[in-house]
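Quick note, the sequences are listed as chains A and B, same order. Using UniProt numbering, read the first sequence as starting at 1 and increasing by one per residue. Using UniProt numbering, read the second sequence as starting at 1 and increasing by one per residue.
Mixed in with the good hints there might be a few duds.
What the hints assert, rightly or not - The following residues of chain A were derived to be distant from chain B, with all beta-carbon distances above 10 angstroms: (1) Thr19; (2) Asp26; (3) Ile34; (4) Thr50; (5) Leu52; (6) Tyr122; (7) Leu134; (8) Thr136; (9) Met154; (10) Arg161; (11) Gly180; (12) Pro185; (13) Arg254; (14) Leu318.
To be verified - Just so you have them, the derived chain A footprint on chain B, three or more residues with Cβ under 8 angstroms: (15) 85–92; (16) 113–119; (17) 161–167.
Don't read these hints as lab results, they were simulated from the structure. Ideal placement from N, C-alpha and C gives every residue a C-beta, glycine not left out.
The residues making up each chain are set out below.
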Amino acid sequence: MNDNFHVFSDGRIERTDDTIRLVREDGEKQYLPIERAEAIYLHGQVDYNTRLVSFLNEQGIAMHVFGWNDYYAGSIMPKRGQTSGQTVVAQVRAYDDPDHRLTIAKRFVDGSIHNMRANVSYYHNRDHDFTTALDTLDDRQAAIDDATDVNELMGVEAGARRAYYATFDDILPDDFAFRGRTYNPPDNETNSLISYANSLVYANTVSAIRATALDPTVSYLHEPGERRYSLSLDIADIFKPILADRVIFRLLNRRQLSTDDFESDLNGCLLTDDGRETFTRALEETLDQTVHHPTLDRNVSYQYLLRLEAYKLKKHLLTGEEYVPLRRWW
Amino acid sequence: MIDDTAGDGDDTAPSDDPVDRLLASARDESIEDDVHVTGVMMQYYEVCTRELWFDSRDIEIDRDNAAVARGTRVDDEAYSEKRRHVSIDGTIAIDVLDDGRVMEVKPSSALVDPAKLQLLYYLWYLKHVTGVDRDGVLAHPRERRREDVELTPENEEWVEDAIRGVVDVIERDSPPAPTEKPFCESCAYYDFCWSC
Ligand code: SF4
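Please model the complete structure; the sequences and the hints are all you need to start from.
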């Protein structure tokens, strides 16, 4: 139940009997083995109808739609297999209680800064001098405790992220100059890659949350409503350094993506179809990669770590047991 | 101590003892008790009190969790002999054999005590609530073996202590901490408990 299917070509996706098939523009047909599917990702111009949507709903499969230049366009979520009034009540109660909300939000930021730091420290221990960045990250991590409200906490996180992004120009090859984060539209290759990578992590987190009875719209660090599934923004932040950024570093440094995989136009700089496919495949491989989990005492995939993070939050909300964010331990 | 205080319909002051409360509400419909101790709860109590707490809150196991929940009726089909399913007060559901004994089927010998406690609870309930004395039989189909179970004074004490224990667990605000048990690995809450 955890395969993602990415459709890059243009065409039509439809239900036939008990399966789903993709009919490409050139008429070629391809069947998607959906028994193990968690989600379908549409990257091209793909038509579908209500018959398909009801089928996905029955099968409990999500469909994430990626538009042309604003990458993540939205999701078609199946009615949740799990609904639990009490989970949602607990979620909302925690949001409504400023202290409780702040406590949870702090944990998200703690996990996120810890995982940024793990990346910086990796390169620091190899052939870079990132003393300053590491100091700033430590300093920001220490400042989490002092934040008295969520806005202030956001500021702490933003400071950490700036220091973190400042290391990218040193980590990445020269032709991938980054010079800080830009959005809407991304103005260079690296920014465009980060946007795309983050939206894939976000969509995977949406799927992971969906597998629990958590309501993806009730969030703690981000304001509910900031995006439709704002809880996904909260949790995805913890994972971006581990999933998105690691894959970016690897692909660019090994020259598996070059500047030819991007194109610039009036809308800024975007991945080409090939580039997008290359990146997506690499991210999927990473999601399938496993690490040994110390308390579960078995190997779990990175994708399952997303699911566990949702479980941990749910457990905290329902039992009052402490929520400890994923801090890269390997 | 449980025999005569409750259930006469008069105004005996409500006792705080969960056993008295249970009997009072079972004998007299007008007395409400929030806690309905079921046979399955007794079983959970013996297996894992944390699982009991989760179950009492309807904390559901998430979708497509591969772990198989421990079934209580797994081997039902193994017995073709005549028996009747009897439900009492909507609280306990028992299987009564033709000879009048109450039967409980257990899928595995690893969980004998939980099954025995559940069966003893039924016998205890029959005796104290409906005034019927019955013996029980615990059947292990896979081993083609049966065990007679009687409500001895020690067993009565076991049941009553367990009732108090069950009520204590489910009235807590947070669950008992997880402790590693041999059946954790096959428990549907495993990832929930141990992902930390
Ligand atoms: S995993 Fe172990 S501790 Fe947790 S509920 Fe199951 S049996 Fe109890």
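Hint by hint, here is what the structure shows:
no.	hint	verdict
1	Thr19	19 angstroms, holds
2	Asp26	36 angstroms, holds
3	Ile34	14 angstroms, holds
4	Thr50	24 angstroms, holds
5	Leu52	21 angstroms, holds
6	Tyr122	24 angstroms, holds
7	Leu134	26 angstroms, holds
8	Thr136	29 angstroms, holds
9	Met154	26 angstroms, holds
10	Arg161	26 angstroms, holds
11	Gly180	36 angstroms, holds
12	Pro185	38 angstroms, holds
13	Arg254	33 angstroms, holds
14	Leu318	6 angstroms, violated
15	85–92	violated (count 0)
16	113–119	violated (count 0)
17	161–167	violated (count 0)
Going through the hint list in order, the structure does not satisfy hints 14, 15, 16, 17.
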